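From first to last, the protein sequence lines are chains Y and A.
Position one of the first sequence corresponds to residue 950 (our numbering), numbered consecutively onward.
Position one of the second sequence corresponds to residue 950 (our numbering), numbered consecutively onward.
To be clear, the hints were calculated from the coordinates, so they are not data collected in a lab.
As the structure is a prediction and not an experimental result, all values here were calculated from the model.
We put the CB at the ideal spot given by N, CA and C, even for glycine.
Honestly, I wouldn't trust all of these hints.
Said to hold, decoys possible - A short, non-exhaustive set of chain Y residues, derived as facing chain A with CB atoms under 7 angstroms:
#, residue
1, 1050
2, 1055
3, 1066
4, 1105
5, 1110
6, 1116
7, 1137
8, 1146
9, 1154
10, 1155
11, 1158
12, 1159
13, 1162
14, 1164
15, 1166
As the list claims (entries may be wrong) - From the derived model, a few chain Y residues whose C-beta atoms are all more than 10 angstroms from chain A:
#, residue
16, 963
17, 987
18, 998
19, 1003
20, 1039
21, 1080
22, 1140
There are 2 protein chains.
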Amino acid sequence: MTATPVSRRERQRLATLDEIVRASRSLLREPGGLTLRAVAQKVGMTAPALYRYVDDYRALVRLITRDIDRETAALIRAARDSQPEDDPAARIICAGIAFRRWALANRAEFALVFANPSSTAEDHAEMMADEETAVVFHEMVWQLWQKHRFPLPDPASLDPLVLEIVEDPMIPGKLDGIPEEARTLTWLLIQSWARLYGTVTLEVFGHCDPRVIESASLFRSMLAGQAELFGITDELPRLAPLVEEWLAER
Amino acid sequence: MTATPVSRRERQRLATLDEIVRASRSLLREPGGLTLRAVAQKVGMTAPALYRYVDDYRALVRLITRDIDRETAALIRAARDSQPEDDPAARIICAGIAFRRWALANRAEFALVFANPSSTAEDHAEMMADEETAVVFHEMVWQLWQKHRFPLPDPASLDPLVLEIVEDPMIPGKLDGIPEEARTLTWLLIQSWARLYGTVTLEVFGHCDPRVIESASLFRSMLAGQAELFGITDELPRLAPLVEEWLAER
DNA sequence: TCGTTCGAGTTTACAGTGTTCACTGTTTAC
DNA sequence: GTAAACAGTGAACACTGTAAACTCGAACGA
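Produce the entire structure from the sequences given, and follow the hints as far as they go.
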């Protein structure tokens, strides 16, 4: 785990590559959009030089997509960590609200990472694998169960196709240690993520009454639905003030 | 309601405009994407001539977006009408499944209409107003209630902000005739649409285990959730075979 | 230390994009 | 029958991503 032996040149290379990513992201926000020439100018070189760092325009987009995902995941972790470690319900709520707030404030970046039609064409597996943002929520659901031990779905009651997924979940990282008897938690986890993702996407793309978004009522009711999903509705009164505080644009 | 007095020229004009839309939509499917020159060639003229019919590239996109929405709405209505008129639950289920199937089969078009970041910038109200696809579902929920008369949320129990929306819903067309005591149906309606939209969007953009999509388990469980939302879970056993039949790619 | 190699970067160029302008004919209308 | 409105063309402009040839400086092995 020592410092990797990077040559002087390689360090330089990584630095400018980082600069390219940051320039691209700032351009993504501005009108006029992301163009190679604009990126090059912002970095201080000419467009073809970018091809020393990036195979393609699409490769550049992939690069900044990953960067956005990582940064978003970090943002969500920060929100999570603002709450005590032994209160996973509070942690997941703050993380969810932070995610929503970020998405509404950065619609273009959200669309790039979470609603990108072109990325569907490529290999799906890899995309899911390093979707850090989703993984953070996965971990939190797991921690939520460790604390509250809410009843899990009976495997016998589940669709066999769901069982198959639950037996061999494609979730990276820390969830390998799920004990056998808690495997059906994965199913709740998938549903939970679907509701969060679905609600936020609806709000971001505005396919509903604008007042629903502005007042956050739909999102609030979705949060309540999550509590129901996890069978911890009795926690809701305790957490309500926290929800309001965080929804109030903190 | 007589035939509108269209001049010979105007009829021609509308015909070629329709041809332009159809050419554009066929190009949307092909790789290479939608370009003015390609459209022009397919229609048999040169690119600048398109500006006689369309203000802008973006205007063309808006045009075909509306066209897709209308066609999708028609498709959904057809699915709905395959079921008897006095069985709104069956009708809404078939419509929902048809919507999902269309979305998964036409990801690019779905993204254009239902997950278009650029359309958020423009005036929201108009977009929602002529979103025919959503309106069809709205109507069906209304008909579902007319038949089953499931209990509605108590206005007193609702968030005041939600009440405000429910009092003055921005839903066009046939829903103006909702009686005063059924106004809170609007809130269920919004939630219902959110779940359908959210689930389909998640599946289309593939931000979950691919097997979840392929097996349709998430969508199936979402349908069950809708029944729960409307308090008609007792109808589920009766409708299950219909769901399976329609999910089996008919 | 000297040559060689390699790599970052520029120049030029090409095909293709949306869009504008000046210009044809043809159709409609008075 | 003449004038205006209209559909459509051709050339041009300012862009886009991308490829090839080239230059210059830093790193490396002898």
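Taking the hints in turn, this is what the structure says about them:
1. Interface restraint check: residue 1050/Y against chain A, minimum CB-CB distance 16 angstroms, threshold 7 angstroms, status violated.
2. A distance limit of 7 angstroms between C-beta atoms decides the matter here; for residue 1055/Y the minimum to chain A is near 10 angstroms, and the interface restraint is violated.
3. A cut of 7 angstroms between beta carbons decides the hint on residue 1066/Y: the least distance to chain A is about 4 angstroms, and the hint holds.
4. At a threshold of 7 angstroms, the smallest CB-CB gap from residue 1105/Y to chain A is about 16 angstroms, leaving the interface hint violated.
5. Taking 7 angstroms as the C-beta cut-off, the interface hint given for residue 1110/Y holds, the closest approach to chain A being about 4 angstroms.
6. Proximity of residue 1116/Y to chain A is violated relative to the hint, the smallest CB-CB distance being about 11 angstroms (cut-off 7 angstroms).
7. Because the closest C-beta pair between residue 1137/Y and chain A is about 11 angstroms apart, greater than 7 angstroms, the hint is violated.
8. This hint holds: residue 1146/Y has a C-beta 5 angstroms from the nearest C-beta of chain A, less than the 7 angstroms allowed.
9. Residue-level restraint check for residue 1154/Y holds (minimum Cβ-Cβ distance to chain A is 5 angstroms; threshold 7 angstroms).
10. Annotation: residue 1155/Y was flagged as interfacial toward chain A, and the flag holds, the nearest CB pair being 5 angstroms apart, inside 7 angstroms.
11. With 7 angstroms as the threshold, the beta carbon of residue 1158/Y comes within range of chain A, its nearest partner Cβ sitting at about 5 angstroms, so the hint holds.
12. At a threshold of 7 angstroms, the smallest CB-CB gap from residue 1159/Y to chain A is about 5 angstroms, leaving the interface hint in force.
13. Interface restraint check for residue 1162/Y: the shortest CB-CB distance to chain A comes to about 9 angstroms, outside 7 angstroms, so the restraint is violated.
14. Checking residue 1164/Y against chain A: minimum C-beta separation of about 4 angstroms stays under 7 angstroms; hint holds.
15. With its C-beta approaching chain A no nearer than about 5 angstroms, residue 1166/Y sits inside the 7 angstroms limit, and its interface hint holds.
16. With 10 angstroms as the threshold on Cβ separation, the claim that residue 963/Y sits away from chain A holds: the shortest Cβ distance comes to roughly 29 angstroms.
17. Every CB of chain A is more than 10 angstroms from the CB of residue 987/Y (nearest about 18 angstroms), matching its label as outside the interface.
18. Annotated as non-interface, residue 998/Y keeps its C-beta farther than 10 angstroms from every C-beta of chain A; the closest such distance is 27 angstroms.
19. For residue 1003/Y, the shortest C-beta to C-beta distance to chain A comes to about 21 angstroms, beyond the 10 angstroms cut-off, and the non-interface label holds.
20. Listed as outside the interface, residue 1039/Y is consistent with that label: its C-beta sits roughly 21 angstroms from the nearest C-beta of chain A, beyond the 10 angstroms cut-off.
21. Residue-level check failed: residue 1080/Y sits 7 angstroms from the nearest beta carbon of chain A, not beyond 10 angstroms.
22. Residue placement check: residue 1140/Y does not keep its beta carbon more than 10 angstroms from all beta carbons of chain A (closest about 7 angstroms).
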